[in-house]
Amino acid sequence: MAEKVSHSGVNDVASLIAAIVNENEARFVDVRRRIHEYPEIAFEEVRTAALVADTLASLGIDHQTGVGRTGVVGHIRGKRPGPTLLIRADMDALPMQEETGLAYASKVPNRMHACGHDLHTATVLAVGAVLKRLEDRLAGDVRLIFQPAEEAIGGAREMIADGVMEGVDMALSLHNRPEIPVGQFGIVHGYANAAVDSFDITVQGKGGHAARPYAAVDPIVIAAQLIGQLQTIVSRDVRALDACVVTVGSIHAGEARNIIPERCELKGTVRSRQPEARDAAEVGLRRLCEGVGLSFRAGCELTYRRGTPPIFNDAGMLQRTVNAIRAQLGDVAFDYEPSMGGEDFALFAEIVPSFRLLVGSSQPGRSDKVHNPHYQPDERSIAFGTLALARTAADLLS
Numbered sequence: 001m002a003e004k005v006s007h008s009g010v011n012d013v014a015s016l017i018a019a020i021v022n023e024n025e026a027r028f029v030d031v032r033r034r035i036h037e038y039p040e041i042a043f044e045e046v047r048t049a050a051l052v053a054d055t056l057a058s059l060g061i062d063h064q065t066g067v068g069r070t071g072v073v074g075h076i077r078g079k080r081p082g083p084t085l086l087i088r089a090d091m092d093a094l095p096m097q098e099e100t101g102l103a104y105a106s107k108v109p110n111r112m113h114a115c116g117h118d119l120h121t122a123t124v125l126a127v128g129a130v131l132k133r134l135e136d137r138l139a140g141d142v143r144l145i146f147q148p149a150e151e152a153i154g155g156a157r158e159m160i161a162d163g164v165m166e167g168v169d170m171a172l173s174l175h176n177r178p179e180i181p182v183g184q185f186g187i188v189h190g191y192a193n194a195a196v197d198s199f200d201i202t203v204q205g206k207g208g209h210a211a212r213p214y215a216a217v218d219p220i221v222i223a224a225q226l227i228g229q230l231q232t233i234v235s236r237d238v239r240a241l242d243a244c245v246v247t248v249g250s251i252h253a254g255e256a257r258n259i260i261p262e263r264c265e266l267k268g269t270v271r272s273r274q275p276e277a278r279d280a281a282e283v284g285l286r287r288l289c290e291g292v293g294l295s296f297r298a299g300c301e302l303t304y305r306r307g308t309p310p311i312f313n314d315a316g317m318l319q320r321t322v323n324a325i326r327a328q329l330g331d332v333a334f335d336y337e338p339s340m341g342g343e344d345f346a347l348f349a350e351i352v353p354s355f356r357l358l359v360g361s362s363q364p365g366r367s368d369k370v371h372n373p374h375y376q377p378d379e380r381s382i383a384f385g386t387l388a389l390a391r392t393a394a395d396l397l398s
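Each residue of the sequence shown is one higher than the one before, starting from 1 at the first, in the UniProt record's numbering.
What the hints contain is simulated information worked out from the structure, not anything from laboratory work.
A few of these clues could be false.
No more than 35 Å apart at the CA atoms, straight line, and that leaves these computed lysine-lysine pairs for DSBU-like [said to hold, decoys possible]:
{"hint": "1", "residue 1": "K206", "residue 2": "K267"}
{"hint": "2", "residue 1": "K132", "residue 2": "K79"}
{"hint": "3", "residue 1": "K107", "residue 2": "K369"}
Sequences are here, hints too, so could you generate the full structure?
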């Protein structure tokens, strides 16, 4: 792995961090592969949590288990007073069958680390290895968070409820990106991803024979009208410069071809980046459901649930991270586009100034995507992510 380092002596933090990362790179690649072989989904991360705890113990890092049900928290205490920095990794896998054919492919049917959380866990463990060696230099403390259930959007809330944010002043996280070449980093300003809300709609009509629709109130026709109207929320209710996506992902009604059913059920999501877009989308959806019921003499019941907010990347944390990466690795961090995906690191970012770094994980010659059964990230991203986050932490607590 090529990296930009100075050779002015052991007191040069760039050289010291690089040396520690080089010394430990193979170890944490192996940790990643061990996690990858036995993926566990939301709140089932027992084996993964045990490996994390054992690794922290071997590094001499104090830790707690069973936080947020299956989460692990490590503590590194600087020798001088200062703020507390939280660094978070997610540990859970996805319920899908791996098709990579790798020697360390998943040994668990219908389970795969297809989003790279195995990379994240290995990287933050490696960051812990660096910062433990640097603890005499730190003015403040580091709290390493290994979170369950990110894919289910529940783990962050559980860990916060168990007190992991008490005394925390700022937070960092990472996510691998196979669209970015390994050795480079993506930087998103402001709202980095989307709030994800969900809705259920039940259109209550009047059942009848398919030959006599005039004697029935057809909920399928009403639902079809409503689905089309829902798209006007994005085009007419939300400001054009804001981001919003309304998706109906499930529709179900009836069982027979010649019967008009009593009801039709729809399920979907609303994704939005700006708070104003989020509010406008919810108001618009409620209005359209009410209106379609009146228009077609039917009932239209809406259940709307607000999920996680968008991650907001704090400008100060962003700039200090970019400065640290530049000092450690050179000019390898670039502006990158926001995502409409959801991420519950947003719940940490609601509480303290935070930044989530996008770590390039693209293998040369491949065009991978996350949540794909063939996903094969470049494992060198572990070392690069460690260099970036460890140097940022060292600078923040200098």
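Hints, verified against the model:
The hinted pair formed by K206 and K267 meets the criterion: a straight-line CA distance of about 21 Å does not exceed 35 Å. As the CA atoms of K132 and K79 are separated by approximately 11 Å, the hinted pair is consistent with the 35 Å bound. A C-alpha spacing of about 21 Å is found between K107 and K369, which places the hinted pair at or below 35 Å, so the restraint holds.
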